[in-house]
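*Asks:* One-letter residues, chain by chain:
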Amino acid sequence: MSPNPRLSPADETNPALDIYRQLRGLIVSGQLGAGERLPTVRQTASDLGVAPGTAARAYKMLEGEGLVVSRTAAGTRVAESAGVLPASVIRRIRELVDEAGAVDADPDDVVDVLRTIWQTRSAPEPTPDA
Amino acid sequence: MPANTAFLTAPGRWLSDPVPLLGAFLSMPWVSLILATIIAVGIVTSPRWRARGEGARVPSTASGIVARYAPEHRTLGVAAIAVIAVFLAENLITGYALNLSDVVSWWRYATPVFTASVGIGVLLVLIATRGSSRPEHPVLSSRRTWLTFSPRLGSMGAVAAVLALIATTVAAGMASSRIGDGPYVYLELTVPNEAIDPVRPWFYGWAYGIPVLICTAALVAVTAAALHANAARAFLRPESVAVEQRERRDIATGITRIVVSAALLALAGAWRLIAEAGSVGGLTVEGDGGSESYEVFWRYGEIAAVGGWLAPALEITAFVLLLLVTAQLGYGPRSDAPVESTADAEAVR
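Going line by line, the protein sequences match chains A and B. Residue numbers 3 to 132, in our numbering, belong to the letters of the first sequence in order. Residue numbers 72 to 420, in our numbering, belong to the letters of the second sequence in order.
Don't read these hints as lab results, they were simulated from the structure. Treat the hints with care, since some could be wrong.
Capping the alpha-carbon separation at 20 Å, the derived lysine to any residue pairs in SDA-like fashion look like this [said to hold, decoys possible]: (1) A:K62 x A:R39; (2) A:K62 x B:R214; (3) A:K62 x A:G37; (4) A:K62 x A:L98; (5) A:K62 x B:S213; (6) A:K62 x A:R44.
Residues from chain A that face chain B, not an exhaustive set, calculated with beta carbons under 8 Å [what the hints assert, rightly or not]: (7) L25; (8) Q45; (9) S90.
For glycine and all other residues, C-beta sits at the position ideal for the given N, C-alpha and C.
For reference, chain A alone in the conformation it holds in the complex (with noise of 0.2 Å):
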């Protein structure tokens, strides 16, 4: 997988490839897990303010490079492949952070604590010798 498509100069001034690369940044950082669904290319039109076909653009060189699979009735969807993390577990990290921000948690304090829980899931059962 090549960081960039193959462009032209001329395209380095492209909206649509700002695009490729806001959502390319969004899937290889584990924003978007694998297999969860983009924005439509509507809303990505609507959020930054351009027209759905320089949207749509965008989505094509994504889905050039495999970063994501558009099927017609599921939508374009981040390939397993490029994902980071799978769709469920961004989706509940995202619910977590949402209380956490919500009850005004600190970010460190959340982090750590997640870390330890999992460290002391992942240790080893005790032997009753020890």
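Keeping the supplied structure of chain A fixed, place chain B upon it in accordance with the hints.
*Replies:* What follows is chain B alone, placed relative to chain A:
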């Protein structure tokens, strides 16, 4: 068929048995409202609620956000008050000020659903106009649908309440009957093994149910549209995403609470009327040669009675939720803390 018919009653029953008295007391909406107010005050003064409220307030430095979302919070608060006020006014006016004993007040059970539809409709217009301005600095985020900011428990509650209302309305409509070409407002209870006219108490028939179904369809449509519009609009700028997400979650929660409340108020009224009709236990036929008593029963009478007992609980729950929504009238910025930024925002800069 001879002369007079009268329902069997037990004189002095209320004095010896306080349960019917309690039932009658709880059948008055204003009693439910008083109980709901006490519960709502208890909730909003609880440390957990106050901590959440403080955490959720918008930083004063988040300019533009307050201007964008304040009218929507206020609209939700006003809509909640309107649902309570119109419901109570309808009950008081038709119950005490006007004599509607022979009038089919078809609007009665549809009123809270209709008022909620209008309130959420106004909110939808606000979101689509003032609340959907172009972003100052475009920001891309994950997919947002009408469910994105809706509370999971609240959504399930709203679906359950609306489905219960529709199911009750359709089932009661099918069980109802009419006299000649009149409206479907009767429950026909036949006297077994006797050649006498059936008993026909007033019932939650199609005459009441069709307006409820129409208003429920409108409420569902306008709610889905409002939740979608609330979620789909663009964020103002990357650093405001977290705050805006919280605002949208609060608005979606308010919408969901109003929907649940409207459905529960209509459902409570419907269950009460059904229980009243189903509680008819017999009739006395008085003729020249004396009087004779007959027993009648409705096969769903016991279920209807349970519904009648649950009705005040539904009404109180509805009022509590509406009163919690009115707390959004106090929406405003907090005076400390800078605007937060999110990982989403950082990623797209």
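*Asks:* Work down the list of hints and note, for each, if the structure agrees.
*Replies:* Evaluation of the provided hints:
1. A:K62 x A:R39: Holds. A:K62 to A:R39 sits at ~15 Å (cutoff 20 Å).
2. A:K62 x B:R214: Given pair A:K62, B:R214 holds - Cα atoms ~17 Å apart, limit 20 Å.
3. A:K62 x A:G37: holds (17 Å)
4. A:K62 x A:L98: Roughly 32 Å between the alpha carbons, so the hint for A:K62 and A:L98 is violated.
5. A:K62 x B:S213: holds (18 Å)
6. A:K62 x A:R44: Between A:K62 and A:R44 the Cα gap is close to 14 Å, so the pair holds against 20 Å.
7. L25: Status holds, d = 7 Å.
8. Q45: At 6 Å from the nearest chain B Cβ, A:Q45 passes the 8 Å test, so the hint holds.
9. S90: This hint is violated: A:S90 lies away from chain B, its Cβ roughly 14 Å from the closest one there, beyond 8 Å.
In the structure shown, a violation is registered for the earlier hints numbered 4, 9, in ascending order.
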